[in-house]
Amino acid sequence: RSGEMAKLTQLIDNEVFRAYATYATIVLLKMMLMSLITAYFRITRKAFANPEDTTVFGKGESTKKNLRTDPDVERVRRGHLNDLENIVPFLGIGLLYALSGPELSAAFLHFRIFAGARIVHTFAYLIPLPQPSRGLSWAVGYAVTISMAYKVLKTVLYL
Amino acid sequence: RSGEMAKLTQLIDNEVFRAYATYATIVLLKMMLMSLITAYFRITRKAFANPEDTTVFGKGESTKKNLRTDPDVERVRRGHLNDLENIVPFLGIGLLYALSGPELSAAFLHFRIFAGARIVHTFAYLIPLPQPSRGLSWAVGYAVTISMAYKVLKTVLYL
Amino acid sequence: RSGEMAKLTQLIDNEVFRAYATYATIVLLKMMLMSLITAYFRITRKAFANPEDTTVFGKGESTKKNLRTDPDVERVRRGHLNDLENIVPFLGIGLLYALSGPELSAAFLHFRIFAGARIVHTFAYLIPLPQPSRGLSWAVGYAVTISMAYKVLKTVLYL
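Protein chains in written order, with the working numbering: chain E, 1 to 159; chain Y, 1 to 159; chain R, 1 to 159.
For reference, chain E alone in the conformation it holds in the complex (with noise of 0.2 Å):
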């Protein structure tokens, strides 16, 4: 068993191999943060989705007063989404690029460039910031994804 501990610690002690951890982590951590801004506009905003949720957070009021939307609170979900159908890709192909044997210099470009891009698009969509910002930061994580989906299919192409 230790030998094969072993193997696995060589494969997280791999350079490219860590900076895609630490940025697939970094990314998933600022998609769960959503989660909670979320909650923190539902309940400052008094706009539950669920009828059972009314009654704890909303006390003292109509029920139905509180199941309700609101624009910032859905302006958060759809960022959440975005998020989703962003950073499942670039967990997909990242992983898969990691894999891949590209340039230690090459892999930080891409994972810091998609970081990045993601948290503008984030603080664009919350603030929010006037377009093209939200459109641009989208738009250069996702030719970041598209960029190492090449080199994936490049690498170990077998239909």
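One or more hints might be untrue.
Because identical chains share one entry, a pair is satisfied inside a single copy or across any pair of copies.
[As the list claims (entries may be wrong)] 35 Å max Cα-Cα, derived DSBU-like pairs, lysine-lysine:
{"id": "1", "residue 1": "Lys64", "residue 2": "Lys154"}
{"id": "2", "residue 1": "Lys65", "residue 2": "Lys30"}
{"id": "3", "residue 1": "Lys46", "residue 2": "Lys65"}
{"id": "4", "residue 1": "Lys151", "residue 2": "Lys30"}
Just so you know, the hints here were simulated from the structure itself, not pulled from any lab data.
Based on these hints, arrange chains Y and R on the given structure of chain E.
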């Protein structure tokens, strides 16, 4: 080739990785179940999102009448989206955590609590149980994921 | 370091893993295409979700008028969400399946049918084709994922 296969088998034979594979598959199957529950409610409540669906499942009744939202359907869909928002981070961070060399007992603790919390969350959402049942089960799964992310970043951080 | 790189290269050189990497990348790129199709319909239908978007793409017209939902946009968005709900399980379970030592021919069969089913599903959703086209293509992809999950659990189950 058989040498490479042997190496892959060693990965899947590692105890922590086997535990991850087991619980990751369980929570993904649980998430997939939400699709079937949504379909069940759409058919029994006759509440469809697409015009072409109403002609198959809602025969003999007006198409427009069955093109509608239903509270039960929307509840399952919210549960499904909440699964996506929480299980995607578990999959990514959990994989990296399993590769970061945790104690087997600690890994089991994280994986079992997460899977249990998500199963409780599903019952709390669908029955529904009074709050804070759903909120607490969500928070437990969230905290487990944060704990694994902390271990990953402590082990591999490489910005 | 070159020793570690060699080991990673061995993983990516494994034939089953290469097949997984290829098809996982293809279905993720297909899913990412949904973002572009959504953007296309939002711009051509002038139907935006955010006030700040209307001032860029809907110049010369009232902002409020373009802040609306459109049936074509909503259809693509439902297809995108369905992709997320089904491709995330494929990514996770498929990776574990690829590591569980399946026969190459069996692995190809699973990956090809899944990718084909999701491509048919997208056409069935967007054209749209009459039901049960979309339902059947969804069910085929679902069944393939269940089949892989069964193989994974049979190989690694460790509760």
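Status of the hints after comparison with the structure:
| no. | hint | in the structure |
| --- | --- | --- |
| 1 | Lys64 <-> Lys154 | neither (56 Å within a copy, 46 Å between copies) |
| 2 | Lys65 <-> Lys30 | both (32 Å within a copy, 33 Å between copies) |
| 3 | Lys46 <-> Lys65 | both (9 Å within a copy, 27 Å between copies) |
| 4 | Lys151 <-> Lys30 | both (26 Å within a copy, 17 Å between copies) |
In terms of the numbered hints stated before, the structure departs from hint 1 and from no other.
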